[in-house]
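Undergrad: Each chain, letter by letter, is given below.
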Amino acid sequence: KQEVTQIPAALSVPEGENLVLNCSFTDSAIYNLQWFRQDPGKGLTSLLLIQSSQREQTSGRLNASLDKSSGRSTLYIAASQPGDSATYLCAVGGYSTLTFGKGTMLLVSP
Amino acid sequence: DTGVSQDPRHKITKRGQNVTFRCDPISEHNRLYWYRQTLGQGPEFLTYFQNEAQLEKSRLLSDRFSAERPKGSFSTLEIQRTEQGDSAMYLCASSPGTDSFGNTIYFGEGSWLTVV
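Those sequence lines, one after another, are chains A and B. The numbering of the first sequence is the numbering used here, which starts it at 235 and goes up by one. The numbering of the second sequence is the numbering used here, which starts it at 8 and goes up by one.
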């Protein structure tokens, strides 16, 4: 059974800092990996999708990497802003389902 | 493209009552998913449809739960004889295509259920 762990569970940084969120998974037989953002009481917004054959994806200030062999992914956020405050969820894709971690709650203070 | 739409957004019901949630996926998306999320946890998979066919169900989906997707368009998730443990946010999602390799999954805003 796939298990996904996200570290840290919570993170508080001042505006402007670069930061890294970590995700690890136990079964390397994955189809893809997605990073999502969730604001309090809201649904999930897809940030980046990395296919199993890819090593990284970039979108604006976000960069996600994938190392299937070690079962790890990182989400790098450059020059953080207060608007980045949210919970970030890592999800590992099987053929039909996503297995989620519990998320990292990020607070960026002005 | 209006995104994935869910209704109602919030539902408070008494224990033992039945509730039904509706999901309208992004048009022409073949796959439709239901997930459940409780406070402080990541979403957990419940079931998914490929067009109108329900292809997989989680063990979380007890016999009190039933999902349908008539004609491969909108979907409904019904919970019968609700219990307090059913209190959660029910998330619907959709994706294009018939495989998972490169298809982003798009989530709705969720339907909050509180069973009192």
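Treat the hints with care, as some may be off.
Claimed, not checked - In the DSS-like style, the derived pairs of lysine-lysine whose C-alpha atoms are separated by at most 30 angstroms in a straight line are:
#, chain 1, residue 1, chain 2, residue 2
1, B, LYS64, A, LYS276
2, A, LYS235, B, LYS64
3, B, LYS18, B, LYS78
4, B, LYS78, A, LYS336
5, B, LYS64, A, LYS336
To be verified - To be clear about the criterion: a stretch of chain A counts as covered by chain B if any three or more of its residues have a C-beta under 8 angstroms from a C-beta of chain B, and this derived list gives those stretches:
#, segment
6, 273 to 279
7, 296 to 306
8, 334 to 343
Note that these hints are calculated values from the structure, not bench results. Here the structure is a predicted model, which means the values were calculated and not measured. The beta carbon of each residue, even a glycine, is placed where N, CA and C say it ideally should be.
Undergrad: Tell me, in ascending order, the numbers of any earlier hints that this structure violates.
TA: Going through the list in order, the structure violates hints 4, 7 and respects the others.
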